[in-house]
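From first to last, the protein sequence lines are chains A and B.
Using this note's numbering, read the first sequence as starting at 1 and increasing by one per residue.
Using this note's numbering, read the second sequence as starting at 1 and increasing by one per residue.
Here are the simulated lysine-lysine pairs, DSS-like style, with alpha carbons at most 30 Å apart:
hint, chain 1, residue 1, chain 2, residue 2
1, B, Lys15, A, Lys44
2, B, Lys241, B, Lys58
3, B, Lys29, B, Lys53
4, B, Lys144, B, Lys58
5, B, Lys4, A, Lys43
6, B, Lys4, B, Lys15
7, A, Lys43, B, Lys26
8, B, Lys53, B, Lys144
9, B, Lys58, B, Lys29
10, B, Lys241, A, Lys243
11, B, Lys53, B, Lys241
12, A, Lys44, B, Lys29
13, A, Lys44, A, Lys23
14, B, Lys26, B, Lys15
15, B, Lys241, B, Lys144
16, B, Lys144, A, Lys243
17, B, Lys58, A, Lys243
18, A, Lys43, B, Lys29
19, B, Lys26, A, Lys44
20, B, Lys53, A, Lys243
21, A, Lys43, B, Lys15
22, B, Lys4, B, Lys29
23, A, Lys238, B, Lys58
24, B, Lys4, A, Lys44
25, B, Lys26, B, Lys4
26, A, Lys23, A, Lys43
27, B, Lys144, A, Lys238
28, B, Lys241, A, Lys238
29, B, Lys53, A, Lys238
Hints in this document: simulated from the structure, not taken from any laboratory.
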Amino acid sequence: MAREDTPLDQPTFDATLEAELAKGTDRRVAEGRARSAAVRAYKKAHPEEGAAPAAPAAPAAAAASPAAASATPAAAPAATAPTAAAPAAAAAVAVAAPPSTQPRREAPLPTGNLPTPKKGVADKHRLLALVPPEGIQRVEREQGDRVNVWPHLLIEEFIAMAVLFAGMVVFSTVINAPLREVANANLTPNPSKAPWYFLGLQELLRYFHPLVAGITIPTFILVGLAAVPYIDRNPSVKPGDRKIALTMFTILFMFGSILTIIGSFFRGPGYNWTWPWAQGVFFEL
Amino acid sequence: MAIKPPSLRESEVWKSIFRPGSIYRKGYKDTSRDRALAVMNNVLYHLHPVKVKRHGLKLTYTFCLGGLSFFLFILLTLTGIFLMFFYRPMADIGGAVAYQDMQSIRTSVFFGDLMRNLHRWGAHLMVLSVTLHMGRVFYTGAYKPPREFNWVVGVVLLFLTLGLSFTGYLLPWDQLAIWAITVGTSLAGYSPFIAKQANFLLLGGAIVSPDTLLRWYVLHVLALPFVLVIFLAVHFWRIRKDGGISGPL
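Let's have the full structure, built from the sequences with the hints guiding it.
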């Protein structure tokens with residue numbers, strides 16, 4: 001439970017705050033001490049509740065600090081009381097930059113009432129902030145339609161994960177991964193195939209010099225893939241605006257898939273063409 | 001007078017483990033505030049923001065491919081660690097220890113066969129899911145600014161995934177393994193200028209030999225996963241920094 005949810009014992013809060021202020025403690029420090037004392041007093045009075053929050057007490061606690069702050073505005077020094085700080089800043093604006101020529105000004109005009117400085121500290125004051133209106137960041141983007149990650153997204157991810165895992169366990173229980181006889185460097189199996197994801201390249205070896213099929217084309221694919229975002233500078237993500245990009249990618253993807261499928265299922269002994277339904281499949285994962 | 005037993009969920013130890021806002025902490029309420037805290041005060045905050053665009057939940061936008069690839073990586077790590085307990089990457093002339101270990105994993109290790117199957121099928125599936133993930137990202141235009149660099153990181157991850165799968169392919173030390181690797185690496189012998197050096201670097205010799213096995217074992221269980229995890233961290237971090245999920249179309 002967050003700290004600010006803890007209910008406060010209101011009489012203790014008021015009494016402690018008054019005592020601290022009477023001692024001359026800074027208001028913010030005094031409020032902190034009063035809050036701490038009030039929390040402790042509340043917990044002492046309600047041991048049975050433990051860490052559970054008391055719903056009706058929470059708004060009362062939240063209301064306590066502004067009420068206490070506004071109760072003694074005259075006594076508070078201008079720089080420390082939050083309620084007095086706003087006019088002070090406004091006054092500073094009035095002194096430094098007359099706002100008559102500012103067209104976009106939305107804040108209320110300064111009153112020109114400078115707070116009376118406390119006796120003895122007349123030459124001391126703090127300038128809190130001087131912010132021209134155009135310096136304030138305005139949120140222009142709309143919030144958009146957003147949902148909480150917990151529970152919506154996390155549950156979806158968990159289900160996806162569980163389904164995949166269950167499927168894999170079933171599959172792995174039923175179908176064993178291949179393990180052939182022990183490696184023998186003097187006995188070349190026929191056909192010898194690379195792992196399936198390289199069979200597209202192996203298929204290319206049938207048509208090109210190994211330097212082209214094994215080095216040039218793979219390098220070109222990798223570098224080309226990495227360069228995709230720097231080549232395609234079209235900012236739109238709408239399929240209708242991206243016909244060229246989608247067509248090219250689809251053609252290349254299909255090309256790679258078809259080569260891989262041919263290498264996997266249509267190549268037999270001697271890496272010659274075979275029909276999988278006639279001569280059988282020469283493919284192992 | 002009955003003494004109230006101390007509740008576990010209110011104990012100091014429990015509260016020290018689960019940060020405020022955790023759904024396992026006492027007092028969790030199904031409110032916007034606690035739902036936000038549940039993510040924000042959780043290690044998950046490294047992966048997910050508090051809120052995502054609603055269209056990102058749609059299964060047909062991402063097909064969960066990136067997340068499932070990550071899940072497969074974790075599953076492969078776990079099953080791989082299990083297999084490492086029973087496997088020695090040795091294959092000298094006296095006897096192929098690696099192959100004997102493979103056989104004993106299948107026959108005498110408790111759950112060994114299931115673990116090996118999960119590892120092998122998971123590896124193939126991960127190559128597939130990473131490739132499909134790349135396709136999904138292309139078709140949704142998710143590589144466009146500001147996500148260009150994350151696409152590049154993704155291409156590196158695809159390459160590392162292939163590398164991990166390929167190095168693992170040799171480890172069973174059966175006929176399937178060494179000849180697939182022989183075919184796959186023979187291409188390196190055609191690289192311009194550095195053919196011999198490239199071959200030697202890959203194989204630790206002129207042909208696939210027991211030295212290759214040790215080399216690829218180290219690559220497979222340590223070197224490549226280490227590099228992959230670093231790129232994964234960058235990949236995930238950039239997803240969040242580049243504005244979360246892309247789209248909608």
